[in-house]
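Visitor: Single-letter residue listing:
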Amino acid sequence: MRARHWFGALAMLVLAWPQGVAADAPSESDTIRTGEYLARAGDCIACHSNPGGQPFAGGRPMPTPFGTLYSSNISPDPEYGIGRWTADQFYTMMHTGRGPDGGLIYPAMPFQAYTKVTREDSDAIFAYLRSVAPAHVPNRQNDLRFPYNNRALIIGWRTLFFQEGAFKPDPTKSAEWNRGAYLVGGLGHCSMCHSPINALGGTSESQAFQGGLIPMQQWYAPALNSNAQAGLGEWSLEDIADLLRKGVSNKGAVYGPMSEVVYNSLQYLTDEDTQAMAVYLKSLGQQAPPAGNATPVPAAESSLLIELGRAVYAAQCASCHGADGRGKPPAYPPLAGNQSIMMQSTVNPIRMVLNGGYPPATQGNPMPYGMPPFAQSLSDDEVAAVVSYIRQAWGNRGDPVTAREANQLRAAPLD
Amino acid sequence: MAERVLACAPCHGPQGGGTANPYFPRLSGKPAGYLYNQLVAFQEGRRRYAPMNYLLEFQTPAYLGKMAAWFAAQHPPSPPRPMVAVSDAVLAHGQDLVMHGAPDRGVPPCSGCHGPALTGMEPAIPGLVGLNSQYITAQLGAWRYGTRTAAEPDCMQLVAAHLTEEDVAAVAAWLASRPVPPDATSAPAGTLRMPLVCGSEPQ
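Residue numbers (the working numbering), protein chains in the order written: chain A, 363 to 777; chain B, 186 to 388.
Be careful, since some hints might not be right.
Claimed, not checked - Chain A is faced by these chain B residues, among others (derived, beta-carbon under 8 Å):
hint	residue
1	Ala192
2	Cys196
3	Arg231
4	Arg232
5	Ala235
6	Tyr239
7	Leu240
8	Phe243
9	Tyr248
10	Ala277
These are computed hints drawn from the structure, not numbers from a lab. For every residue, glycine included, the Cβ atom is placed at its ideal position computed from N, Cα and C.
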């Protein structure tokens, strides 16, 4: 039953029988709890809050190739937040990317995915957001360069990349698979990062989950539909579920922007929903031909690089990841057979060596082990060498990388 | 725990004892409350250093507390620090400011809060010995320019604002010249009458 209907029904019941409420209607607090859960599944808090700031107060800068956008206040403050919105207006925004005044919302808000969210779920999220503490914080003007500061351009973007629609279950698949597809494609908005983003800042539905470099952040979101990248088709359901809810698994750990997703969102999902997402994600994985030669390094240079890399690995990496590259999962991820390292895009392995990182602290892994950053202690040549080595050792198949690539990624942003 | 915080080792040393790089501070033996406050400040962006902000972004307060407690409990030997080449007059000015302050300019003595032995006070005031002059200079600068802030009232911001460039160079040089005493433990909480009210240190 749609929440707006039962809100109406509830109001009538309360008028008629102040002491009694129909047993089958969810109570308001149940709806708010459901909404909180769904808001976590949608990871609203990540963009609509600043670190150390009030939740849902907005104002978080979102750097884009077109300038900086600032997320909006979605707390129930009547002046600056959504305190005067109706559930209809909230659903319209989620479903069509239009604000209460009919204005077009910048597609940094993932309405391309949220359009699949059901009315019932949208209403529950709205009820939850109405229940949090209001933040009396004005919205900040976006800082977009000409011509992108013209909102009319969103019309063109929408024509190219936005398709309004509801989630359509696949009747040939299990209920579990369909629940996973709904979460991944809707609230999870996984395709926002795990799809190629073109020069217009759009992703097309036909290229969903094909992987892509995340603009500005300079991390590569692997293709979820390729066993040569995320490789989930060859993972066990348990490993996929562990990665999603704990941030670590026997096959590898999350890193980069995915750490945020696990920390703020995925760790809170129920075992059933995590399992459903795992079932769906595993079904996406297709066999893919090995990546082509992206960065040709002359053979003589390559063998020197590998030799240097072997020495760097033995001195800096082997104590945790093992001389055999098998690591000690889940604390120290295996490097042998790890698709993250062999992908055609070399961005992630180079950045992990330069920047290191901690997987997120989660309920299932409250005290993660951290990888040290090596940007200070290794030269560009050494970084290129050790990444080249781990891309080819232990039966791994990846091309060597150049010192130039390592050098360029030293400037990649860390926030 | 040592293995879990290996990510800190390249810059701070395996037990947080410091490294040859003068800009990375020694962590070991500092009060756990101080270390915890710094970890939270890096997480919330009140203290800005991109590699630290990045590493701590998705850790829980409980885990940050465990990290802080572990480093506070370590007491590795202090690595040798390079001598700072300044004149005796500069060192004397630094010593005077650290031990007596400049009351006419509103500068309290460092020893008033950080202790007569400059080994800090529990739970959240750090020791000042065992640090390099570059690190101390950089932190005093960071307070002046707002890239390092603490809980309000941010007493160190007030102190830093009253120091001249010469004061900062002299204080940093003299502090860096001091040996770490054999017993470098911090003074017990509440044993010093602090000249300023500080948001980080309950009084």
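Visitor: Would you mind marking each hint as holding or not holding in the structure?
Guide: Do the hints match the structure? See the list:
1. Ala192: holds, 3 Å
2. Cys196: Holds: closest Cβ of chain A sits about 7 Å from B:Cys196, inside 8 Å.
3. Arg231: holds, 7 Å
4. Arg232: violated, 11 Å
5. Ala235: OK, holds: B:Ala235 within 8 Å of chain A, min 4 Å.
6. Tyr239: Interface hint status for B:Tyr239: holds (4 Å vs cutoff 8 Å).
7. Leu240: For B:Leu240, the interface hint holds, since the closest Cβ of chain A sits about 6 Å away, which is under 8 Å.
8. Phe243: holds, 4 Å
9. Tyr248: holds, 5 Å
10. Ala277: It is violated, given that the least Cβ distance between B:Ala277 and chain A is near 35 Å, above 8 Å.
Going down the numbered hints, you'll see the structure goes against 4, 10, while the others check out.
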